[in-house]
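Number of protein chains: 2
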Amino acid sequence: MPDGSGDKRPRSQQIAAELREAIEDGTHPPGSRLPSQRELALQYSVARNTVDEALKTLSRQGLITSEWGRGVFVREKKVLIRLGSDRYSPKYREMGLSPFLLECAKQGKSGRFEVLSIERVRPNPELAEQLKVSVKSKSVLRRENVFYADSDPVYRVTTWIPWSIAQGTGLLEENVPHPFGIHGIFEDKGHVMSRINDDISARMPTPEETDYLKLPPGVPVIEVLHTSLDQDGEPYEVTRFVMRADMNGLHYNAPVE
Amino acid sequence: MPDGSGDKRPRSQQIAAELREAIEDGTHPPGSRLPSQRELALQYSVARNTVDEALKTLSRQGLITSEWGRGVFVREKKVLIRLGSDRYSPKYREMGLSPFLLECAKQGKSGRFEVLSIERVRPNPELAEQLKVSVKSKSVLRRENVFYADSDPVYRVTTWIPWSIAQGTGLLEENVPHPFGIHGIFEDKGHVMSRINDDISARMPTPEETDYLKLPPGVPVIEVLHTSLDQDGEPYEVTRFVMRADMNGLHYNAPVE
DNA sequence: GAGTGGTCTAGACCACCTA
DNA sequence: AGGTGGTCTAGACCACTCC
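Heads up: the sequence lines are chains A and B, in that order.
Be aware that the first sequence starts at 546, since it is given in my numbering, and climbs by one per residue.
Be aware that the second sequence starts at 546, since it is given in my numbering, and climbs by one per residue.
Any given hint could be a false lead.
All copies of an identical chain are treated as equivalent in the list; a pair is satisfied when it fits inside any one copy or across any two copies.
Simulated pairs of lysine-lysine, DSSO-like, Cα-Cα distance not exceeding 27 Å [what the hints assert, rightly or not]:
1. Lys759 x Lys553
2. Lys654 x Lys677
3. Lys651 x Lys683
4. Lys654 x Lys622
5. Lys681 x Lys734
6. Lys601 x Lys651
7. Lys601 x Lys553
Quick caveat, the hints were computed from the structure, so don't treat them as lab data.
Note that the structure is a prediction, hence the values are computed from the model and not measured.
All chains should be built: construct the whole structure from the sequences, respecting the hints.
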């Protein structure tokens, strides 16, 4: 379109839109390099700053990634892992595999997790209420993990367990295949998972999460606050999952009650 | 902290972090105005551009909003509406209310929806497979709606129904209280909802969605692709919800099977 | 060394708000 | 009129990559 048009958007956003179009119609296929900022500035007759702003917009929208000293590239589509509502189904435990590991194997990746910390802590008020424990003492065990597919971090997982349940179990050890594999331990303690209660939200990551999950700019996270309820409807475990939204999704298949 | 520190982050990001802290510790309470960009530039001894970059970062993270010619303000916390897994529960139909309208009433807002279009269309391949209809003809009815709480758009909703079911019903009319209220019509046609199947993802909005939902910058959207299954496990309706992530969440309470 | 993206500066003009 | 945020320019320095 000619320059004299009545487009009221900032020039940088017009350029972003034009580049977006060029990417979507295949002019710049996934993986290809865009012209350099200096070239683009010449092409569009603007300062390099303006081009930079346009590219940042696209980067935030997840269309491109820029690499230091190399150039700006059109992003490849990411593989999507869907964490299902059946992720706690007994069938996985019988197979000795978690859905996460299954999915990794399917994609030829090796799944693993790292334990960041295992600690006995005081719960915050909401958590104390959710788990029906005292807010005044170190009444819960907290485990923090990061899950990897090959070397890419995928989930940041924090689990809280009432100390009365965790006490004297293997949950204080590092190499419990957590969290999908710990439910055997709960069953020994008389808690069979019969319902799940999940609160789901999405947001931009905190700077800390950006670090942990090696998030590129413009990628939101999905946060799931999961509570396990036993045969008596009593909660006995709360887990928070934080996952990058561009590589993950959720799936719920449930009866209407 | 002193300037001579070894902090390797860009100055703009350091400033963003400091402001973030000041907001979180209550130095700048919700609703208050921050110092102007020119003042901040003086305080931090940087160019105004650099302050602007810092503020944009916080804006993208949803902490602040800037208002033309007025100033930059700390954002108030948004009310969260949680769309539950029970949103299709028969109890709501008996009450003649949808969970959305209930939630609006609870918050003293008036909920309403607008019909954008009602059209008989050809499904795309995935949709055709999901609904088990022909991909070669105009085999589905598509309804597009926007939901409002007062004058704020909350959901963008698109529903697809096989033409064989929609035919001859009130679904072609505008004033069916869609989508939570249409299930009575399906029951008349012999489809009682017995399971739901939801795929959930999150992402940054498209420019079009930014318009429809009046999204501030940096707010992601949650997308739910919902399928209703009848008593025979047959799908008979697919609905896509797109909602702003800063005002909405999802809730699933389901048995482990 | 030449090219790249990342950032910052100093100054400018605009549109908008409050007065 | 004078303040505010939004944007752009032209030029600069840096750290990185590729050859």
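Point to revise | Intra/inter-copy verdict for Lys759 and Lys553 if alpha-carbon distance must be at most 27 Å | key: between (36 Å within a copy, 17 Å between copies)
Review point. Is the C-alpha distance from Lys601 to Lys651 at most 27 Å within one copy, between copies, in both cases, or in neither?
Key: Neither: 34 Å inside a chain and 40 Å across chains, both beyond 27 Å.
Point to revise | 27 Å Cα threshold - placement of Lys677 relative to Lys654 | key: neither (39 Å within a copy, 33 Å between copies)
Review point. Within a copy, between copies, both or neither: where do Lys601 and Lys553 come within 27 Å Cα-Cα?
Key: The answer is both: 20 Å in one copy and 20 Å across copies each meet 27 Å.
Review point. Is it within a copy, between copies, both, or neither that the alpha carbon of Lys654 lies no farther than 27 Å from that of Lys622?
Key: within (17 Å within a copy, 40 Å between copies)
Check your understanding: Can you tell me if Lys681 and Lys734 fall within 27 Å by alpha carbon in one copy, between copies, both or neither?
Key -> Cα proximity of Lys681 and Lys734: one copy only (24 Å, versus 56 Å across).
Practice item. Go through the copies and call it for Lys651 and Lys683: within, between, both or neither, with a Cα cutoff of 27 Å. Key: Answer is neither: 41 Å inside a copy and 36 Å across each miss the 27 Å cutoff.
Figure legend: structure checked against the earlier numbered hints; hints not met, in rising order: 2, 3 and 6.
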